[in-house]
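Enquirer: So you can see what is in the structure, the chains are spelled out below.
There are 2 protein chains.
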Amino acid sequence: MATVVMKFGGTSVANIERIQNVARHVKREVDAGNKVAVVVSAMAGVTNQLVGWVKEASPLYDMREYDAVVGTGEQVTAGLLAIVLQSMGYRARSWSGWQVPIKTNSAHGSARIADVPGGDIRKRIEGGEIAVVTGFQGIEPKDNRISTLGRGGSDTSAVAIAIGLEADICDIYTDVDGVYTTDPRIVPKARRLAKISYEEMLEMASLGSKVLQTRSVELAMVYKIKTRVLSSFVAPEAMKPFRIDDIENIGTIVCDEEEIVEQQIVSGIAYAKDEAKVTLLKVDDKPGVAARIFGPLSDASINVDMIVQNVTPDGKHTDMTFTVHTGELARALDVLKKAKVDIGHFDVKSSADVVKVSVIGVGMRSHAGVAARMFKTLSEKGINIHAISTSEIKISVLIDAAYAELAVRALHTAYGLDSD
Amino acid sequence: MATVVMKFGGTSVANIERIQNVARHVKREVDAGNKVAVVVSAMAGVTNQLVGWVKEASPLYDMREYDAVVGTGEQVTAGLLAIVLQSMGYRARSWSGWQVPIKTNSAHGSARIADVPGGDIRKRIEGGEIAVVTGFQGIEPKDNRISTLGRGGSDTSAVAIAIGLEADICDIYTDVDGVYTTDPRIVPKARRLAKISYEEMLEMASLGSKVLQTRSVELAMVYKIKTRVLSSFVAPEAMKPFRIDDIENIGTIVCDEEEIVEQQIVSGIAYAKDEAKVTLLKVDDKPGVAARIFGPLSDASINVDMIVQNVTPDGKHTDMTFTVHTGELARALDVLKKAKVDIGHFDVKSSADVVKVSVIGVGMRSHAGVAARMFKTLSEKGINIHAISTSEIKISVLIDAAYAELAVRALHTAYGLDSD
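So the sequence lines, in the order shown, correspond to chains H and Z. The first sequence begins at 1 in the numbering used here and counts up one residue at a time. The second sequence begins at 1001 in the numbering used here and counts up one residue at a time.
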């Protein structure tokens, strides 16, 4: 007997029929003797409707009120799923974030979970009741107001609840059947990974894979919560219930590196199309110039990703290239314009027509030549690299957007990831 | 400077434009220096959508989950109105029932308010912040779950909050501009009442007038909360802000009998079309027969209204006539069928083709001849009376539905209620 957290996103609960399908997934686990907490998102479309109303009310809205309005979507789904489960003969009740309570900090709209639940909800689950918990939302205890965790926050809710319940597994049901070596829409030979380490999943998530919210992976990693990515669209009865000693080989398990026996050197290729490149030409090469450039951007809450600095032939100037999110490009250029005198650069060039392609794998730590193979592969295809950034377990390059698919496919083959 | 509670129903907040209109009503009061709490219903249509989902999830639903789902509608409106008020430069925040808290009993779906708020919300209002409170919902403190007060419950929420804040007025904004002597759609000469006593309003509400929820009037009466019925569709700027010493002559003030100087003998004529008549023929006229008839009906939660008993010419039997809500007629007949042997009646007749017409006025207490005038008026028009029931301040008669309009018009004239 295990404690299982099951999370279902908006498309999995889009209408009553789909909620009934979710209930059958829950039934499978409960019938096998598992203790279950279900975490649900708002029905697909509902959150957009609520956000639309908020923006119509005022383009400049109070995030606390935004949270009060938008947080209702999950409450509706939780109540409906509890009703469906009851109609199937199960004991179930819905829990809002404030009832659990899922305590967060005061960063309304993108709050961070500060404390994970235990107490009453745990007792009830252990007594055989199914807890249906609202994802995405919590409570800011100081002011006693509803907070939300930001888009995709339900994944994080699920992991937090798994921590509070000391659950054996946190199953994230999505519209894909697992984590792939790369986007199968680009590379038909992409393979589903049976297992992936937290670190790799984290890089995947922050590098453009939409499967799991980055913060949920961080949290799972810190608290060692075994997380599984599954499809809610597989017939509930075609899947085996969770068993601690015999996890079925479906979906992808996100777990500790040590639990992955046959670790590949490279686990996946990610790409992100929402990067824009900014180049400052002929910046005076003096100490403190980086601070003068990135200080104002940081003050404007603009996140800078890759940074490359080259010295110009005259030795007195430097060209500084960096990337920002495409949605923030206009604002970034505006900030740089205002700071021009202070920075002392000759000109600014920018382009949103770039893509970041990344190779990810914990095996890189112990294997040389991973980067070299990447550069060689791209070079063979005639793809020019604008910028490079590396971490312990990933190498990212910025290239022209036109070469995105070609690069991903070539790298997928080069690292031996293609399925047979 | 006064403390004002303003309540707006679903049609008054049906979309953002109407919510902005509501905000202008609030602005008028705040600009005049009044302290304001606003109570809002769900946007028109939203509650029906939520109830529809609940019923689709299961025809037999848990009322606690129903409340969790349906209570979200008000939360959305409250957040949106707070945002609009903030965008106009006012300090405002939304409050859910559980945040105030509005404590209720455990009768989910039709909960009764057990405790009225004070504390934090009061301090904030006195500090100049506008409180936007969800109507219709509260919290059941034992299990810490959302409860709802039943359809129209927002009126009751408003009065309860007025009690908690010791407000000077509870303004109920609706789609009509006050309480009328009778339904203006039937009697074009109906007059708006400047004032009406709690007792009369209570009879009006329970006799078919949809202006205020019965329980809100009960609560206002017990705590002597001056309540005003106003139209939200009058231009906000065309109305004067509330002043304790100079209440403008708009809408209808529901207040203590003593505050009404020129009290009419009869204040209004109400009618209810949702009554059905049941007659049990030739019941054995023995002690305990009424208990044998009405006991089973009460056990089935069927509310019986008017009751008339006649003895048949033979002196051994009695005919028993009573009314039930039309929606419960089929169930009532079923109950009587099962209890036939026990009751010992010869036959049952029923008709939903009846209407109850009532004459209401506190002046009846001290004036004779009010009933006589009613019977005479109906007789002159050739209208047959099936049943009569009276209270201290009202007389109701049951007549054929076909005569409803004729009776209401004739009585309206007979009691001198027609406008000039």
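Keep in mind that the hints were calculated from the coordinates and are not lab data. Warning: the hint list may mix true and false statements.
Below are the DSS-like pairs computed for lysine-lysine, each with C-alpha atoms no more than 30 Å apart in a straight line [unchecked claim]:
1) H:K142 / Z:K1142
2) H:K27 / Z:K1349
3) Z:K1338 / Z:K1349
4) H:K376 / H:K286
5) Z:K1273 / Z:K1338
6) H:K189 / H:K123
7) Z:K1055 / H:K27
8) H:K282 / H:K340
9) H:K103 / Z:K1103
10) H:K240 / H:K224
11) H:K282 / H:K103
12) Z:K1273 / Z:K1349
13) Z:K1123 / H:K103
14) H:K189 / H:K381
15) H:K142 / Z:K1055
16) H:K123 / Z:K1338
17) Z:K1273 / H:K142
18) Z:K1055 / Z:K1123
19) Z:K1027 / Z:K1349
20) H:K55 / Z:K1027
21) H:K273 / H:K337
22) H:K349 / H:K376
23) H:K123 / H:K55
24) H:K27 / H:K224
25) H:K210 / H:K240
26) H:K142 / Z:K1027
27) H:K123 / Z:K1381
28) Z:K1349 / Z:K1381
29) Z:K1027 / H:K103
30) H:K123 / H:K210
Enquirer: It remains to establish, for every hint, whether it holds in the given structure.
Expert: Quick rundown of the hints versus the structure:
Taken as a hint, the K142 (chain H) and K1142 (chain Z) pair is honoured in the structure, with Cα atoms around 22 Å apart against an allowance of 30 Å. A C-alpha spacing of about 50 Å is found between K27 (chain H) and K1349 (chain Z), which places the hinted pair above 30 Å, so the restraint is violated. For the hint linking K1338 (chain Z) to K1349 (chain Z), the alpha-carbon distance of about 15 Å falls within 30 Å, and the restraint holds. With a C-alpha separation of about 34 Å, the suggested pairing of K376 (chain H) with K286 (chain H) is violated against the 30 Å cut-off.
Annotation: proposed proximity of K1273 (chain Z) to K1338 (chain Z) holds, straight-line Cα distance about 27 Å (limit 30 Å). Taken as a hint, the K189 (chain H) and K123 (chain H) pair is broken in the structure, with Cα atoms around 46 Å apart against an allowance of 30 Å. Our distance criterion of 30 Å between C-alpha atoms is met by K1055 (chain Z) and K27 (chain H), whose separation comes to about 21 Å. Annotation: proposed proximity of K282 (chain H) to K340 (chain H) holds, straight-line Cα distance about 12 Å (limit 30 Å).
Restraint check for K103 (chain H) and K1103 (chain Z): satisfied, since their Cα atoms lie roughly 23 Å apart, inside the 30 Å limit. Straight-line distance between C-alpha atoms of K240 (chain H) and K224 (chain H) comes to about 23 Å, which keeps the hinted pair within the 30 Å bound. With a C-alpha separation of about 49 Å, the suggested pair K282 (chain H) and K103 (chain H) falls outside the 30 Å cut-off, and the hint is violated. Pair hint K1273 (chain Z) plus K1349 (chain Z) holds up; C-alpha atoms about 19 Å apart against a cutoff of 30 Å.
Pair hint K1123 (chain Z) plus K103 (chain H) holds up; C-alpha atoms about 25 Å apart against a cutoff of 30 Å. Our distance criterion of 30 Å between C-alpha atoms is met by K189 (chain H) and K381 (chain H), whose separation comes to about 19 Å. With a C-alpha separation of about 37 Å, the suggested pairing of K142 (chain H) with K1055 (chain Z) is violated against the 30 Å cut-off. A hinted pair counts as satisfied when its Cα atoms are at most 30 Å apart, and K123 (chain H) with K1338 (chain Z) does not qualify at roughly 46 Å.
For the hint linking K1273 (chain Z) to K142 (chain H), the alpha-carbon distance of about 52 Å lies beyond 30 Å, and the restraint is violated. Pair hint K1055 (chain Z) plus K1123 (chain Z) does not hold up; C-alpha atoms about 40 Å apart against a cutoff of 30 Å. Straight-line distance between C-alpha atoms of K1027 (chain Z) and K1349 (chain Z) comes to about 58 Å, which puts the hinted pair past the 30 Å bound. Of the pairs offered as hints, the one joining K55 (chain H) and K1027 (chain Z) holds, with about 21 Å between alpha carbons and a cut-off of 30 Å not exceeded.
Restraint check: the Cα-Cα separation between K273 (chain H) and K337 (chain H) comes to about 25 Å, which is no more than 30 Å; the hinted pair holds. Of the supplied pair hints, the one linking K349 (chain H) and K376 (chain H) holds, its CA atoms being roughly 28 Å apart against a limit of 30 Å. Using a Cα cut-off of 30 Å, the hinted pair K123 (chain H) and K55 (chain H) is violated, with the two alpha carbons roughly 40 Å apart. Straight-line distance between C-alpha atoms of K27 (chain H) and K224 (chain H) comes to about 26 Å, which keeps the hinted pair within the 30 Å bound.
A hinted pair counts as satisfied when its Cα atoms are at most 30 Å apart, and K210 (chain H) with K240 (chain H) qualifies at roughly 26 Å. Pair hint K142 (chain H) plus K1027 (chain Z) holds up; C-alpha atoms about 29 Å apart against a cutoff of 30 Å. Under the criterion of a C-alpha separation no larger than 30 Å, the hint pairing K123 (chain H) with K1381 (chain Z) is inconsistent with the structure, at around 70 Å. Under the criterion of a C-alpha separation no larger than 30 Å, the hint pairing K1349 (chain Z) with K1381 (chain Z) is consistent with the structure, at around 26 Å.
A hinted pair counts as satisfied when its Cα atoms are at most 30 Å apart, and K1027 (chain Z) with K103 (chain H) does not qualify at roughly 35 Å. For the given pair, K123 (chain H) sits about 34 Å from K210 (chain H) by alpha-carbon distance, which is inconsistent with the 30 Å threshold.
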